[in-house]
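Participant: Quick mapping for you: the protein sequence lines, in order, are chains A and B. Take the first sequence: its position 389, counted from the start at 1, is 389 in the numbering used here, and no numbers get skipped. Take the second sequence: its position 293, counted from the start at 1, is 293 in the numbering used here, and no numbers get skipped.
Don't read these hints as lab results, they were simulated from the structure. A couple of the hints might just be wrong.
[Said to hold, decoys possible] Here are the simulated lysine-lysine pairs, DSS-like style, with alpha carbons at most 30 angstroms apart:
#1 A:Lys-331 with B:Lys-22
#2 B:Lys-214 with A:Lys-386
#3 B:Lys-214 with A:Lys-282
#4 B:Lys-214 with A:Lys-375
#5 A:Lys-396 with A:Lys-375
#6 A:Lys-396 with A:Lys-386
#7 A:Lys-431 with B:Lys-214
#8 B:Lys-292 with A:Lys-401
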Amino acid sequence: MTDARIPGLEPPVLEARGVTKRFAGVTALSGVDLVLRAGESMALMGENGAGKSTLIKVLTGVHQPEEGELLLDGRPATFARPLDAQKAGVSTIYQEVNLVPLMSVAQNIYLGREPRGQVGLIDFRRMYADARALLAEYGIQVDVRRPLRTLALGVQQMVALARAVSINANVVIMDEPTSSLEAREVETLFRVIGLLRERGIAIIYVSHRMDEIYRVCDTVTVLRDGRVVHVGSLSELPRVELVSMMLGRSVEKVERGGVTAFRAANESDAPPVLVATDLSRKHQIDGISLSIRPGEVVGLGGLLGSGRSETLKGLSGVMQLDRGGVTIDGKSVRSGSVPAAIRAGIVMLPEDRKAEGIVPNLSVRDNIVLAALPKLSRGGFTSRRKQDAVVDVFIKRLHIKVSSPDQLVSELSGGNQQKVMIARWLAMTPKVLLLDEPTRGIDVGAKAEVQALIDELAHEGLAIVLVSSEVEEVVEGSARVIVLRDGSIETELRGDQVDESALLAALAGSAS
Amino acid sequence: MTQATVSLRVPSRSAVLGVFQKYGVYIAIVLLLLYNLVFTPNFFAVDNFRTQFVQVVPVLIVALGMALVIGTEGIDLSVGAVMALAAAVIPLYVGYGLVPTLLIAIGVGAVIGLLNGSMVAFIGVQPIVATLAVMVAGRGLALLIANEQLKSVTSPEVLALGRDSVLGIPYSVLIAAVLVGVVAILVNRTTFGKQLIAIGGSRRAAELAGLPVKRILLIVYVLCASLAAVAGVIGTARLGASVPSTLGNLIELSAITAVVVGGTPLSGGQVKVLGTLAGAVLLQFISATLIKHNVPDAYSQIAQAIIILVAVYIQRGKARVK
Chain A
1 MTDARIPGLE
11 PPVLEARGVT
21 KRFAGVTALS
31 GVDLVLRAGE
41 SMALMGENGA
51 GKSTLIKVLT
61 GVHQPEEGEL
71 LLDGRPATFA
81 RPLDAQKAGV
91 STIYQEVNLV
101 PLMSVAQNIY
111 LGREPRGQVG
121 LIDFRRMYAD
131 ARALLAEYGI
141 QVDVRRPLRT
151 LALGVQQMVA
161 LARAVSINAN
171 VVIMDEPTSS
181 LEAREVETLF
191 RVIGLLRERG
201 IAIIYVSHRM
211 DEIYRVCDTV
221 TVLRDGRVVH
231 VGSLSELPRV
241 ELVSMMLGRS
251 VEKVERGGVT
261 AFRAANESDA
271 PPVLVATDLS
281 RKHQIDGISL
291 SIRPGEVVGL
301 GGLLGSGRSE
311 TLKGLSGVMQ
321 LDRGGVTIDG
331 KSVRSGSVPA
341 AIRAGIVMLP
351 EDRKAEGIVP
361 NLSVRDNIVL
371 AALPKLSRGG
381 FTSRRKQDAV
391 VDVFIKRLHI
401 KVSSPDQLVS
411 ELSGGNQQKV
421 MIARWLAMTP
431 KVLLLDEPTR
441 GIDVGAKAEV
451 QALIDELAHE
461 GLAIVLVSSE
471 VEEVVEGSAR
481 VIVLRDGSIE
491 TELRGDQVDE
501 SALLAALAGS
511 AS
Chain B
1 MTQATVSLRV
11 PSRSAVLGVF
21 QKYGVYIAIV
31 LLLLYNLVFT
41 PNFFAVDNFR
51 TQFVQVVPVL
61 IVALGMALVI
71 GTEGIDLSVG
81 AVMALAAAVI
91 PLYVGYGLVP
101 TLLIAIGVGA
111 VIGLLNGSMV
121 AFIGVQPIVA
131 TLAVMVAGRG
141 LALLIANEQL
151 KSVTSPEVLA
161 LGRDSVLGIP
171 YSVLIAAVLV
181 GVVAILVNRT
191 TFGKQLIAIG
201 GSRRAAELAG
211 LPVKRILLIV
221 YVLCASLAAV
231 AGVIGTARLG
241 ASVPSTLGNL
251 IELSAITAVV
261 VGGTPLSGGQ
271 VKVLGTLAGA
281 VLLQFISATL
291 IKHNVPDAYS
301 QIAQAIIILV
311 AVYIQRGKAR
321 VK
């Protein structure tokens, strides 16, 4: 896509001016400006919560902005519903194809605007011919009478794209279009994107994959905390700078220390307790090998979608693996089984505490003992005495603020809920503790406490893997950082290398 | 400010709702008994209460199993069909004596429970769909086994289950009382009970905590169907005949009502065993009251519907208060 087109000379097709959107008092977008010109391919970048998806939803009529306006071909436009945006020529291709899987390819393309014969019946012959011709323009040869779902995912997406463009689209928004595509299908998609741009169709491209962004896009708009922090040409922007803008960490002045509650180096030279080899799962992670020693905190770095959480899920048996396996103290652990992983001593604190962690209708006590219940029972009967021995210890040790152990866990603050989750796993006396965003969504005080606790646990000999989207947390908490990119290990930072600028560079994947 | 001063004098709406959520079914029973004390002659006779409790036994036993299933965020519509199946096999094996007959009937129930549980736990069929299929097929199978005939049961041992008493308490009521106790202990005092409730509260969290989710679901459906089979045997003993065409018809609805009225939410994560007992008794008292005042049976059904609505409304309030 080394296109010689100069976007600055084309007229703007879609503009957003001062768009602000709030949800229940929380500002998701704040005064966002965006200019998209004909034939331009713009990367929309930002981490979790930056406002990307909200902006896309505003542009496509799913949400209406509270302030600011949208301009289409220079004229103010209001999209009250998604259909309005579609009619105006703004189409969206989502990562999941949203067509009718049981209908034929041709029917999907012409859904709602089928060519009619003289008596008003659908003219199938013309529809098939039109569909075939349309797809042929993009170099796609398929039997258009086949049900859509029988086609490969990449082809389905191409059909969605063809449908969008044939409904007279001027702007196509692609949200993570390649996340479930094969390499070959990605190439086809990129070729089609090239064709669209030659016709003057503008593209907004959202992806976490840096390589793709730099291949497909010529300009970039970076969002952070609901604001536009950078607009410019992509080819002139080094990857490190792009990443640091997304994360809000400046490359030049990297602060050192004091930001988090981590103190120890969390290093260890004992023989590894956990060894993972070649963990792989299609579209998620590919060939991840790592080992962790007792008493060590290993950071798992990576941008959103790099396979951080998936690696933890592979290690903890939550995700079935296609290849590879895990050993604990040299003994292999049955893969894809959570109970087997827990028996072996691998436990994971899930990222989504509310949906995957706590059981909201149960008490703090019941939540703490949930995993250890069989151990705290006699002949299948629960033992209050045995439970209390564990529950009281952890409530004290982790400073969990409760009126009584019988208080409902859903009444606790996020930080205390997180401590309950950690207590649940410590009650299992694990060997390896996997932490997925342990301090997300909890207040500053609780955050420091959790960080200090991680230190302490490592000091006591627990092997810990730490995933966090906060750069300083990874850098200050970990003895070494394994950096993931696109589901594979990009590099590993050890000792003195573990600092923010090195991590930013590694996250960006540039050869620095 | 005005709201705060008001709430000093009058309990807030959510506090009132809270009391009803906790004790509503018991309050309703007391009110109904008071009504009958005043307006219904002979309601407070020992014989009447014995009759009432004998009549509530099948629904109560079925409701105990239903409460476990509902606790896991499931539902079991096949309980009536299981009662019919249990009834259908009794005449075939009654010659071998009481214990073998009982074991076979309960075994048939357990097999149906395995079928339900496997579909729900391992294949991932929605409980309402899986058990609906078994409900339809199960009664068909029962009719096939019985050759679509009503067969009288004459074994004195079996009949004793439905008709005889010890110290004035009918055997069937004793059995139900023991089962209430066993299920209450199971739910409140065992690892299994706690895990069951955790699954109903958040299946995903339970899985990630390493709980044997599928095994527990399987056992829950087996228990539910086995209890329904027990109810089928007692029902047959009371009738003195195996009537697979009608035994347990619509009992799933009464059982679900008893469970929900007793304070167990359909959204799972809680099992109220004593509440279920109270729910079943309340339903029985309501229909008895209406019958004693010569109100047609159709009204009794409408009353039951209203109670379901009220109970569900109160449960909904609970979710909101949280």
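Participant: Determine for every hint whether it applies to the structure shown.
Facilitator: Now for the hints, and whether the structure bears them out:
At most 30 angstroms may separate the alpha-carbon atoms for a hinted pair to count; Lys-331 (chain A) and Lys-22 (chain B) exceed this at roughly 51 angstroms. Of the supplied pair hints, the one linking Lys-214 (chain B) and Lys-386 (chain A) holds, its CA atoms being roughly 26 angstroms apart against a limit of 30 angstroms. For a cut-off of 30 angstroms, the pair hint linking Lys-214 (chain B) to Lys-282 (chain A) stands: about 26 angstroms separates their Cα positions. Proposed proximity of Lys-214 (chain B) and Lys-375 (chain A) is supported: the alpha carbons are some 20 angstroms apart, at most 30 angstroms.
Of the supplied pair hints, the one linking Lys-396 (chain A) and Lys-375 (chain A) holds, its CA atoms being roughly 21 angstroms apart against a limit of 30 angstroms. Between Lys-396 (chain A) and Lys-386 (chain A), the direct Cα distance comes to roughly 16 angstroms. Compliance with the 30 angstroms bound is thereby established for this hinted pair. Taking the CA atoms of Lys-431 (chain A) and Lys-214 (chain B), the gap is near 26 angstroms; set against the 30 angstroms cutoff, the hint holds. Restraint check for Lys-292 (chain B) and Lys-401 (chain A): not satisfied, since their Cα atoms lie roughly 56 angstroms apart, outside the 30 angstroms limit.
The structure fails to meet hints 1 and 8 from the earlier list, while all remaining hints are met.
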